[in-house]
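Visitor: The chain contents come next:
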Amino acid sequence: MRRYVIRRVVQAAGVLWAAYTVAFLVLDYLPGDPVSAMAGQGLDQTSTDPAQIAQLKHEYGFDKPVLVQYAEYLGRAVRGDFGDSVATGRPVTSTLADALPATLQLTTAALLLAILVGGGLAVLATYTSMRWLRQVLLSLPPLGVSVPTFWVGLMLVELFSFRAHLFPAFGNDGLRGLVLPAIALAIPSGALISQVLAKSLLNTLNEPYVQTARAKGAGRARVHLRHALRNASLPALTVIGVLAGQLMANSVVIETVFSRNGLGRVTATAVGSQDIPVVQGVVVFGSFVFVLVNLVIDLVYPLIDPRIVVAGRPA
Amino acid sequence: MSQMVDEGVAAEAAVGLGVPVEKGRDGAGVVRFFLRRPGLVLSIVMVVLVVLAAFWPNLFTSRDPLTGVPAQRFQAPGGAHWFGTDELGRDVFSRIVHGAALSMKATLIAVAVAIVVGGLLGLAAGFVGRWVDDVLMRAVDVLLSIPALFLSLALVTALGYGTMKVAIAVGIASVATFARVMRAEVLRVRQATYVEASRSCGTRWYGVLGRHVLPNAIGPVLVLATLDFGTSILAVSSLSFLGYGAPPPAPEWGTVIAAGRNYLANAWWLTALPGFVIAATVLATNRIARALDGEWTRR
Amino acid sequence: MSDSLLSINGLAVSYRTRTGRVPAVRGVDLDVRPGEIVALVGESGSGKSTLAHAVIRLLADNASIDAGRVEFDGADLTGLSEKELRTVRGARIGLVPQDPGVSLNPVKRVGEQVAEVLRLHDLSTRRSTPADAIEVLERAGLPEPALRARQYPHELSGGMRQRVLIAIAIAARPKLIVADEPTSALDVTVQRRILDHLQHLTEELGSAVLLVTHDLGVAADRAQRIAVMSRGRIVESGPARDVLDAPSDAYTRRLLASAPSLSVARPRTNPAAPAPAETPLVTVENLVKEFRLPQGAGAKRIVRAVDGIDLAVRRGETLALVGESGSGKSTTARLVLRLAQPTSGRIVFDGEDVTAARGGRLRGLRRRAQLVYQNPYASLDPRFSIGEVISEPLRAFRVGDRASRAERARHLLERVALPASILDRRPAELSGGQRQRVAIARALALSPDLVVCDEPVSALDVSVQAQVLELLAELQADTGVAYLLISHDLAVVRQIAHRVAVMRAGRIVETGATDELFDHPEHPYTRDLLAAIPGGGVHSRHYEERT
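If you read the protein sequences in the order shown, they are chains A, B and C.
For what it's worth, UniProt numbering labels the leading residue of the first sequence as 1, then goes sequentially.
For what it's worth, UniProt numbering labels the leading residue of the second sequence as 1, then goes sequentially.
For what it's worth, UniProt numbering labels the leading residue of the third sequence as 1, then goes sequentially.
Derived by calculation from the structure, the hints in this document are not laboratory data.
Each hint should be verified, as a subset may be incorrect.
[Claimed, not checked] BS3-like, lysine-lysine: derived pairs with alpha carbons at most 30 Å apart:
#, chain 1, residue 1, chain 2, residue 2
1, C, Lys83, C, Lys175
2, C, Lys175, C, Lys108
3, C, Lys108, A, Lys199
4, A, Lys64, B, Lys165
5, C, Lys108, C, Lys83
6, A, Lys199, C, Lys83
[As the list claims (entries may be wrong)] Far from chain B, some chain A residues (derived; all Cβ distances over 12 Å):
#, residue
7, Tyr4
8, Gln52
9, Gly75
10, Asp81
11, Leu116
12, Val179
13, Leu229
Glycine is no exception: its CB is placed at the ideal position from the N, C-alpha and C atoms.
Model the full assembly from the supplied sequences, consistent with the hints where possible.
Guide: Below, the structure written as C-alpha cells:
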C-alpha cells in the first residue's frame, strides 16, 4: 500500500513535470519571440522600441539557447517560483495563492452541487416506474451539457438579480454571492455526472447478479440502492476526476460573468495582457489539481470495487 | 439474457426458412425510424439550417449585420426584427445568421484538427503498439491532465487572437480525447478474432489495417467527432465571449453575447436569444451523435 | 393435478421488439410434483429459459405473460403483486442462475450475499445470520465455508461460485428450485460434482427441481421426467426412460440422434486413418510457451501454458487435442500456426523448420495451414459480405482475378452445402451453423494441407454440431486435408478423430488411437474425463435399433 502511494506520487510528479514542459513549449517556445509578443500585443501597442525589447529579452533570459532557458525555468519552478507577472511585477506564485481561496470555494460548492443534484437525478430517473417522470428526468441532462456556461450565468443574473432581486449580480460577498455562480458552474458538470450514472445504472440493472438478488426476494429499492448503485458508481467517479480540473478552468468564464475575483479572473486578465508567466503558472496548477484529485479517486476505487487491487488502475 | 436468446430464435427461424432477416433499412423502415424520433428530425433540421446560414446567410436575411439604423435602437423582438435590435440599431437575427459563418468555420477547423491529429496518434499507438504506444499515450495522458480550457487559453496566449487561432487552440485541446478513443477502438478491433483470422490466412499488415481495423474502428470516432462538434461550439463561443475571438464588429456568436451583456438589465434579448441559438445547435448535434451511437452499437 | 407442486397451464410469453411482438413461449403445460426432478430440454432459442424465468416472474422488461396460469402450491403466481411475489422468490422457489461468473454481486462478500436471503425472509436473527450463512455454504459443499464467506466472488473459482449460488437458492429450504443451465459454463469434471451435490441436497430437503438444460445427457442422468421444448412449445414430455428410449416426436428423435454426449458408443463417421508409415505433416518437439503475468501480489510471475509437448500430425488424419479449459490446448494450436511465438522447442511443417520463420517463409506456412475458430460469431468481419470473407485468402495471395475468385467462392459455398445466394449477405444474417460453414469454406479456399479446428462446434447447438462434424469428415475424405482438432468435448472427438492426445496443465498425459484410448484409457485423468461425460450411463437403445 505504501509502496503504491509512493509510486503514484512519483507518477504524479512526472505528469506535472510533463505538463510544465508542455506549458513551456506552448508559451515560451511557440511564439518564437515572446518578448516581442509581450511588447507588441500588450496593453501598449506602440512600445516596439528595439532597445527596449533587447533589454526585456535579456531580463527574461530569452537571448539564451532554448534548452538553457528551459533548464533554468524548470529549476525555479521546482522550487515553486514561476517568475514574476509581466503586467503587475508580482511573483506568480503569490498572485495565484491570493486568488485561490475564492475560486476553491466556488468550485467546491459547484462540485458538491453537481454530485448531489446530478447523482440524485440519475438515481430517481432510473428508479421511478412512472414513465413520464423518467422521460422528463432523463431529458434534462442532455439539455444541461448543451447550454453555454456563460450564457446560463447571464440568464441567472437576469432572472434572479435584475428581476427577482434575490441574489447579487456580481462580486464576492458571502454565501449569497456564491449561489448563482455555483449553480451556473454546476449545471454542465451535474448534467454529465447524471448522464454517466444513469447509463451505468441502467446497464447494471441488466446484470445477471441483479436478477439473482431479485430471485432472493429483494425489493426494488433494495436492489437499486444496495446492489446496483455501488456497482454503477465507478464510471461516475471517473467522470468526477475529469470534472475537477474542468470546473477550475470554467471558473475563468464564470468569474468573468459574475465579476468575481479569483483564479479565473486572474487567468482571463493574464491571457488578455499576454502575461506568459501567469498563464504558465495557471496551466501547471490546473494540471496539479487534476493529478491530485485523480490520485485520491484511484485510492477510492478499491474501496468501492474489491476487484480493483491497489496495484493498478482499473482495467 | 433470455431476451437475447429468444430474439435469436426469430433470426434463426427466418434464416432456416430462407427468408433474409431485413434490418429495416428499406425505404419504409427509414421513414418509420424517423417518424418515431421527432426530436432527431428537429435536430437534423436545426443543423441543416445552421450550415445553410454559414454558407448562404442571404437565404435567411437581407439586413446588414454590421451597420445599424440608429433610430431603431433597442427594439424588442417582433415582426420587424425577430430577435430585436442592439445598441446601434443592428438587427440581432441578421448578426446571428452572419455570425454562423465565423462560428461554424471555427468549429469545423477545431474538429478537423482534433480528428486528424488525434486520430493519427491513436491509430499509430494502437496499431504499432509497444514503445510507440507507451510514448504516445504518456503524452496523451499529460495533455489530458491539463484542463481543456486552460490548454486552449495557453495556446491563445501564445498564438494571439482571432477566429482561426481560437479554432486551432480548441482543436488541439481535444486531440488527446480523440487519440484515446481511436487507440481503444483500434486495440479492440485488433484483438477481434476476425482480425487474427485475416492475418492467419495470409493478409498483410496494411491489408488488415485498411480492410478490417479502420472500417470497424472508425465508427465510435465519428460519433465522438459529432459530440466534439457540440463541445467545440461551446468552447469557441466561450473563448470569443472572453474576447479572444474576432475583434468586436464581427458578429461571432460568443462576441455578440459578450456585447449584449452590458445591456442585460434593459435588453434581455441581446443575450438570451443568441444563447438560445447556441444551445439549440449544440443540443441538436448531441442528439444526432446519440442516434449515430445507437446505430453503430446496434450494427 | 392436485398432487402437483407446480402446475403450468397454457402459458404464453412474448417479447416486444422493434419489429413487433415475438412469441417465446406459446401455450405450454408442465407439471412438477413435490420432490421430483423435471428436466426441460431444448436448444438455444427454444424458449426454455423464458419459461423457467416466467415461473418466478423474473422476465426482462420487454417481456409479458400473455396467457395461462402458473399454479404453485395452490396459488396462481401470474396474478400476484410484486410485493406478494417477494415472499415466494427465494423463500419458496429458489433460482440457480446460468452463469456463475456474473451472477454474484462483485462488490459484496460471499457471506453477505447468502445472509441476505436469510434476512429477507426472517429466517435468522441479525446476530446469528453470519454463522447461519456459513452453515448454508457448508451444506452447499463449499470447502472452508468460514473463510469463503469473507471473500469476494472474484476470489473464487467458477465451481465454487456455482456452489455459492446453490447455497443462495437452498438457504430458505424452498419447495422448488429452478436451475437454469446451472453447470453449462463449467468444465465437465466440475459439472458432474456440482450436479451430484445439487441432486443430493434436493433429495435431502425434499425440494423439487426444474432443471433447464440444453444437454440431453445431463437430463438423462438426473431427471425423473423430461420435457422437450422447441420453438416455444413442449413437443414431448414424460418419464425420462420413455422419452429417451421411445421418443414419439420427430424433433426429439433428431435431438437424440445428434446429441454427441449420448452417442459416445456411436461408430465413427470417418474412414480409416491413413497409412502411418509416411513422414508426418507437422511435428512438434518439446514445445514450450511461457506467459508473463502482469505484476501481481502472487509469487509466480511466469506461467507455463504449454510445458514441453511433442506431437505429430500425419497427412490426411485428424489428431484431436483434448483437455479442459486452461490445459493449454488452444495455445498449442496457436503456436503450431505461428500466431503466437513459442518460448522454446521446434515446429516442423512438411520437413521445414518453421519455428522462427519470417516474411516469405511464414507466408508459405499461412498458405498451407489454416484455422477455424470456436466462435463463428466473432471470426467473421461483420462488415464483409460472405463472398468477401471466403475469397479473402485468395485475395491475400493474389490468386486469380476478381471473377475467378468469385467463381471459387461460389464453388466453396457449394462444398460446404450453402446456397450461392448468400454470397452478398453479411455474417449477421446467417445462423451460427451457417457461419461456421462459411469459416470452413474460407479455411479451404487455398486448398491447405492442415486446418486447425479450435473447438469448431462448441458454440453451436447440438443438432447443428453433428452436421458440421459430418461436413468436416466429408471434406477430409475428398481433399485429404489434415485436421488438428482442439476440443474439450470427448464425444465430438470420438466422432471424427483418428488419434487423440489428452492434455492437462500444459502437458500431454496420454496419446493413442481414438478407439484404443476410449476403450482402454491408461492415465487416471483420461479415465476421469471419460467418466464425467454426462449421459455416459445411458446407452441409448434408440441407436442400437437404428444402427
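Visitor: None of the hints should be skipped; say for each whether it holds.
Guide: Right, here's what the structure says about each hint:
1. Lys83(C) - Lys175(C): 20 Å, holds
2. Lys175(C) - Lys108(C): 27 Å, holds
3. Lys108(C) - Lys199(A): 22 Å, holds
4. Lys64(A) - Lys165(B): 28 Å, holds
5. Lys108(C) - Lys83(C): 25 Å, holds
6. Lys199(A) - Lys83(C): Distance ~27 Å between lysine 199(A) and lysine 83(C) Cα, so the pair holds.
7. Tyr4: The claim holds: tyrosine 4(A) sits with its nearest Cβ about 18 Å from chain B, beyond 12 Å.
8. Gln52: 20 Å, holds
9. Gly75: 20 Å, holds
10. Asp81: 19 Å, holds
11. Leu116: 22 Å, holds
12. Val179: 18 Å, holds
13. Leu229: 22 Å, holds
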